[in-house]
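So the protein lines, in turn, are chains A and B.
The numbering used here puts the first residue of the first sequence at 1, with every later residue one more than the last.
The numbering used here puts the first residue of the second sequence at 1, with every later residue one more than the last.
Hints are computed from structural coordinates only; laboratory data are not their basis.
Honestly, I wouldn't trust all of these hints.
Short, incomplete list of chain B residues facing chain A, as computed with Cβ under 8 angstroms [claimed, not checked]:
#1 L228
#2 T231
#3 S393
#4 L500
Taking lysine to any residue and the SDA-like style, the derived pairs with C-alpha atoms no more than 25 angstroms apart in a straight line are [claimed, not checked]:
#5 A:K40 with B:V567
#6 B:K586 with B:V567
#7 A:K44 with B:E275
#8 A:K14 with B:E275
#9 A:K14 with B:T274
#10 A:K44 with A:V74
#11 A:K14 with B:R504
#12 A:K40 with B:L305
#13 B:K494 with A:V24
#14 B:K426 with B:K159
#15 A:K40 with B:R504
#16 B:K237 with B:Y251
#17 B:K689 with B:V222
#18 A:K44 with B:L305
#19 A:K14 with B:A268
#20 A:K40 with B:P297
#21 A:K44 with B:V298
#22 A:K14 with B:A263
#23 B:K509 with B:D129
#24 B:K45 with B:V514
#25 A:K44 with B:H292
#26 A:K40 with B:Q506
#27 A:K40 with B:L136
#28 A:K40 with B:V531
#29 B:K206 with B:R91
#30 B:K494 with A:L47
#31 A:K40 with B:K45
#32 B:K237 with A:E21
#33 B:K316 with B:R504
#34 B:K279 with A:P3
#35 A:K14 with B:E501
#36 B:K494 with A:V74
#37 A:K14 with B:V273
#38 A:K44 with B:L301
#39 B:K279 with B:R390
#40 A:K40 with A:P3
Since we're looking at a predicted model, the values are computed, not measured.
All C-beta atoms, glycine included, are put in the ideal place defined by N, C-alpha and C.
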Amino acid sequence: MTPLSQLLPGQFGKLASLNPERGVDQRLMALGLLPGMVLKLVRKAPLGDPLAIEFGGQVVSLRLAEADNLIVDVSADCPIPRPRQP
Amino acid sequence: MSTPDAGLLVALVGNPNTGKSTLFNALTGLRQRVGNYPGVTVARKSGTCDLGDGQKVELVDLPGLYSLAAASPDEQVVIDVLSGHIAGDRRPDAVLIVADATNLIRNLFLASQVAELGLPVVLVLNQADVAQEQGLRIDTELLSRRLGGVPVILTSAWKGEGILEVRRGLAAALTRRAPLRRVVWPAEIVAALADVAQAASADTGKAIPSADAQRLLFDTNVSTAERLGWTPERREKPLRAARERVRNCGYNPMAAEPLVHYAWLRTALEGVVTEGLGKAGRTSAVDRLLLHRVLGPVFFLGIMLGFFASVFWLAKFPMDWIQLGVDWTKGVVAPSLDPYPMLQSLVADGIIGGVGAFLVFLPQILILFLFIGILEDSGYMARAAFIMDRLFSWCGLNGKSFVPMLSGFACAIPSLLSTRTIEDPKARLATAFVVPFMSCSARFPVYALMCAAFIGPLYGPGWESLVMVGMHCVGLVFAVPTAFVLTRLVLKVKPQPFVLELPRYQLPKPRDVVWRMWQNAAEFVSKAGTVIFAITIVVWALSYFPRDAAVAERIRAAHPTESAELVRARVQAAHVEQSYMGRFGKAVQPVFDPCGFDWKITVGVLASFPAREVIVSTLGVTYSVGEGAEADSQDLRKAMQDAKWPEGPRAGTPIFSLAAVLALMVFFALCSQCGPTVATLAQETGGWKWAAASFVTMTVLAWMVSMVVYQVIIRLT
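Bound-form chain A, shown alone (with noise of 0.2 angstroms):
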């Protein structure tokens, strides 16, 4: 279980749990990133915040303190990360 502000660019996780209290959850969870959903990380901007994330085939931005409270398990069932490309 890792926090998603700790993912790696390019790297998946399975969303384990979120807040619903907090506003940012529920914008994410209205754009359909609920609990079991894979994400992936696709990149941190040049400054190192905000996070681009990619779900259900859409690309979101959230920044690096919003992100640490989304818990994410980046175990087996993920899809393993494709090699960089050169």
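Starting from the known structure of chain A, fit chain B onto it as the hints suggest.
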């Protein structure tokens, strides 16, 4: 075929980036009206849509949103319109829902919330061409059956495909009136919703529809409760009990709505979309380049530099033509009014000058909106916000503040209108508050005059350009801490969430971009135009009256040998000196004395409170070189270079010392000298409170910084 009554209203709703506006333009064919919803700063865009059989309905384009759990004023308007609770609009007769065919489930989340309102629905799956390219096949008939028999239509609004079918579908929906099938809630949640409806109904005496009950139960946002008049004391207990009930059946009450909806939608969409072979879009490849750690910011700076340079330099030519046109009109009209000097002055300086004063900004505003439109429609705007967010988040702004602030360097008024794209109301307010600090193009003539007359000749062209650049930065340097003070110390807000979709890149459709540019420009002319015009007339009157004919006689007698032109300029200067404006300037001069301003500069400063670009022509008049003076006038430069303090401790020393020149420029960089900006700020922030706060903050700051600059530099030189 039965024809529904005339005057039917259809609402167009959908997620952002679904091509909703393109569809709207295709359906209404630019027969559109833009207005405002009363009391909110959300534009109401509507048009007439032909249903294909001669029957016409009014189509209203609502702001794009992802969910009915309202967070921004734009989103609140959608809920209010759909539920028929907005002033000036009736409840729509049907809803046209636009969904992105490439991401059905997320788009249908909003649709399934709209279903709760029970209105007849047409579901449009737009961007069908992109879905096809990606290899997605959508069974619209199956989807229609699953959703209760509403018309489901595939379109590619960009290419104009499927528009006729939408018209027909709308006609069918208005006849058959089939609503979208509702989500099936677990029994405990149904009971909790009933509890809420009952308690709210008992307390407010109103019938509570199920859609309202859901907003009350599921949202942290209290706008629905406030609209119903359900007070916090009365609602607190029943809501807590109902939420407890939801929790008991295994759902977090704040997560229940998306969980139930998405589960329901997954079943409803089973077998509807089949994935075949297709090409992945180019978006992620483009992003690898445009959002690259090193190349990303380089592209960003390049694009913004191009944007900024065009606003400045492309607009220069039409601005010059407009200026020529205004001067030409003055030249033609004024002589015919020679027998009536007051009327002549009113028409030439007041009316024609007033119209010219705002027409001259129109080219910049058009180009600004053209670029904003291209950036938005292409999908780059969201990337710009993504790149810039880190620089703005610490002071309570966000990445979306960047474009209004950059646009502020051209003109604050369209920039204030463009803050509407910021969802977070506090960040929006803070952005609107600091936009007027940006060094707009109306400040440019002041810097140009001062630099060309004093900095250039004394210190060389290198320092001249450096001071020009520096002056453009002064506003920015003060704006960011101001935003920090405002958000963290005055409003005391915690950092707000910033969730932003990075949409697929798309080629902007020229018609949409040009059309929006035109609508925004029209809004500018109708709003700012009238204010600028009115203010120009007032300033004209203050510097014209009272006018004593004896003054002219005295000057002529005192300078019998001078040319007629020179005498005319002297007479004009004398008239201004004893006008209300001149008298007021002399009375107020002591306030500006610590900044090194004499009474003539003070009159210029006061006269330019409504519109700062007036300073150059006012200085032209008070320094007796005539009112036509422009920033590059040699006579005005010479007159200012020769000006000396007539009396007091500084008698005999030049008025425009380095200290005074810099102090004056800094004053203009920071001061709130633009009536239309203050008026627009009041309109955009929903009252005069913030407009007044902005005016006082900027003006006091300008005075203090200008004084410090003068006092420090005068001691060093």
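Violated constraints from the hint list, given by number and in increasing order: 1, 2, 5, 7, 12, 14, 28, 31, 33, 34, 36 and 39
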